[in-house]
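*Asks:* So the mapping is simple: my numbering equals the position in the sequence shown, first residue as 1, plus 1135.
Derived from the structure by calculation, the hints contain no laboratory data.
All C-beta atoms, glycine included, are put in the ideal place defined by N, C-alpha and C.
One should not assume that every hint holds.
Below are the PhoX-like pairs computed for lysine-lysine, each with C-alpha atoms no more than 20 angstroms apart in a straight line [stated by the list, open to error]: (1) K1581 to K1569; (2) K1456 to K1420; (3) K1476 to K1577; (4) K1476 to K1586; (5) K1399 to K1276; (6) K1483 to K1569; (7) K1648 to K1203.
Here are the computed distance ranges between Cβ atoms for each label pair [said to hold, decoys possible]: (8) H1556 to R1455: 27 to 33 angstroms; (9) I1428 to E1367: 26 to 32 angstroms; (10) K1371 to K1476: 55 to 61 angstroms; (11) G1459 to D1593: 50 to 56 angstroms; (12) G1541 to P1344: 17 to 23 angstroms; (13) E1666 to P1326: 44 to 50 angstroms; (14) F1450 to S1233: 46 to 52 angstroms; (15) L1508 to N1692: 34 to 40 angstroms; (16) Q1682 to N1555: 26 to 32 angstroms; (17) K1608 to Q1682: 51 to 57 angstroms; (18) N1504 to R1693: 56 to 62 angstroms; (19) K1476 to Q1208: 46 to 52 angstroms; (20) R1516 to R1455: 21 to 27 angstroms; (21) A1649 to E1615: 21 to 27 angstroms.
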Amino acid sequence: MAILKHRNKGEASSLLIVTEKRVWFWVGTYVRLSILPHQISQQDWISVYKETVKLLQVYDFAELGEKKLFDIQIPVYVKSEEHEEPSRYWRTCGNLGSKKFAETFRLYSDIKMYREAAPTSNNETDILKGYESSVVVFNAKTQGYPYHLYILAIAMLIESRFPKFASVSGDIDHLQCVKAKQWADTHLSTPIKLPVRVDPRQLLNRFSPKNESEKIELVEKWTIADQEKIMEIVYKNSDKETFHNWIKEKLVKYSSPTQIGAVKLLVYYLNLVRDVNSLFSMACKEEDGPKYIPEEMLRAITLTWVSIPPQNYDFLKAFRKIEGHPTIVERTFGMMVMDIKFPGREIKTYIPLNEVVENFTNCYPEWDNKANLLLQQGNSRIEEELQEFYRSIAPILALNNEESEGSFLDNEDAFLYFNNHSVLLSEEQDFHLKTVAYSIEKFLTKNPEIKERLYGCDIGSMKLILGKMLTEKFRMFLTEDAWLWIKGIREEEFIMTLLAKLILDDSYNFKMKANNYRLLRGMFENKLITEKITEYRKDPKVITHIQEMIDKEKNTNRD
């Protein structure tokens, strides 16, 4: 496993844990917008469309366009703007400032474009009651990139103007929507509302549920929030008996309280209610409950960490979900791994071990001594695992906490934004650039015919080859700024670094490797990264040092 991100002390921590394997292709971070197009007039739609254009113009939304460079048309990311065909529309897939791009969002000015996809007979007047009759306007991945909040704001604007005929959903949370609203409101003449699916009060007022069970059903069906937040909403909007029975029904679905899902429920319950006595009663004693056996329940309570002193796992705060931040794929996958290893990591309640034992023996008097022993043994085992994990990540945590004038980011961001002052490279990242320089030099040395052919080209021809290879073979598209600085480069060795790297990656089929792709984007989007690699290529000390390390490794393996 690898920890990926660190920012300056004082900033919201955004450390990530990921496995070395790629995340499955279907994982993503979405923003969705659906509408009932037959309930919206063209006049009203075009009025709201014009408001979206205003938001489009005040943020540096980007789309993929074309520019003529090196005497060929090259795809480049440019500022998003309106288009006229097939009907007036705009599109965006990222933003220029971050240089990060994901999937494309598109909005048409003509409501007929959406009516054509709608069922012919649709008289529903509330999208939440007739969701199957709705038409998708947005349903694309932002991957949590910076434009996520801003495209969310546009989707929220549309729902706000058509409150029963439009619905926002996706990988969002309440605080994201608050941030998106704050931004949009500064640019619009009329403020927008939060989406109904992140606002339980608005949702319940809209449907006026007849009883407690109907209220909970509405919250569970429509509210977009994580499991703990849903539990908190039910807790605040229900009477104690209803909430108690609702939790019990959820626990019954688990054959053992030590299953990860059950442990998470116990953790969230303890965070809210802070009462182990009622938990033991509903889980082990009550007739319509799961009636877990005592030993299993004790193991589950141990897994919640409720009786482990918080200072023993305080360092894990760096890995907690940060509300209001768009979720990125690597973090989602990393948190799944963390849940398997440390299912109690979200506990916010501490109850001393003797108090837990006392409450447990109220239910099971015969377990007095044995309960204490099992809990102590379980806690000791977990604390040992925590200490071992802490030792493995201590260097990164130290980096995260040290006073520094600059930020240390994950590889993708470091290579994109490195500037030698506010964004720095870690020793590991800098060493990676040295190994790249070494690999380029060795590749050219072993392939003299390629080297001779490249050096035989004038710099203009080298740039032309560069443009064609990057866009046609690698399918990598850059911002217009990136191509402009490449166009202005006069140093042959600089272009040689970029071109040799592409040929090397193509020869050894490195194109699809995620880390390599991130470095390549950094080399083209950030001139300073290519400058460093070029310097290291021409530094005999760097090349010799890397060669010595490789030779030493080979000799060690032989032994």
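*Asks:* Against each hint, give a clear statement of whether it holds in the structure.
*Replies:* Hints versus structure:
1. K1581 to K1569: This hinted pair holds, its Cα atoms lying about 18 angstroms apart.
2. K1456 to K1420: violated (34 angstroms)
3. K1476 to K1577: violated (42 angstroms)
4. K1476 to K1586: violated (50 angstroms)
5. K1399 to K1276: violated (28 angstroms)
6. K1483 to K1569: violated (44 angstroms)
7. K1648 to K1203: Violated, because 29 angstroms separates the two Cα atoms, which is more than 20 angstroms.
8. H1556 to R1455: 27 to 33 angstroms: holds (30 angstroms)
9. I1428 to E1367: 26 to 32 angstroms: holds (30 angstroms)
10. K1371 to K1476: 55 to 61 angstroms: violated (31 angstroms)
11. G1459 to D1593: 50 to 56 angstroms: holds (52 angstroms)
12. G1541 to P1344: 17 to 23 angstroms: violated (53 angstroms)
13. E1666 to P1326: 44 to 50 angstroms: holds (47 angstroms)
14. F1450 to S1233: 46 to 52 angstroms: At 29 angstroms between Cβs, range violated.
15. L1508 to N1692: 34 to 40 angstroms: Violated, at about 48 angstroms.
16. Q1682 to N1555: 26 to 32 angstroms: holds (27 angstroms)
17. K1608 to Q1682: 51 to 57 angstroms: Given range 51 to 57 angstroms: violated, Cβ gap about 30 angstroms.
18. N1504 to R1693: 56 to 62 angstroms: Holds - the Cβ-Cβ distance for N1504 and R1693, about 58 angstroms, lies within 56 to 62 angstroms.
19. K1476 to Q1208: 46 to 52 angstroms: Holds: the Cβ-Cβ distance is about 50 angstroms, inside 46 to 52 angstroms.
20. R1516 to R1455: 21 to 27 angstroms: Check passed, 23 angstroms falls within 21 to 27 angstroms.
21. A1649 to E1615: 21 to 27 angstroms: The hint (21 to 27 angstroms, Cβ to Cβ) holds, given that A1649 and E1615 are roughly 25 angstroms apart.
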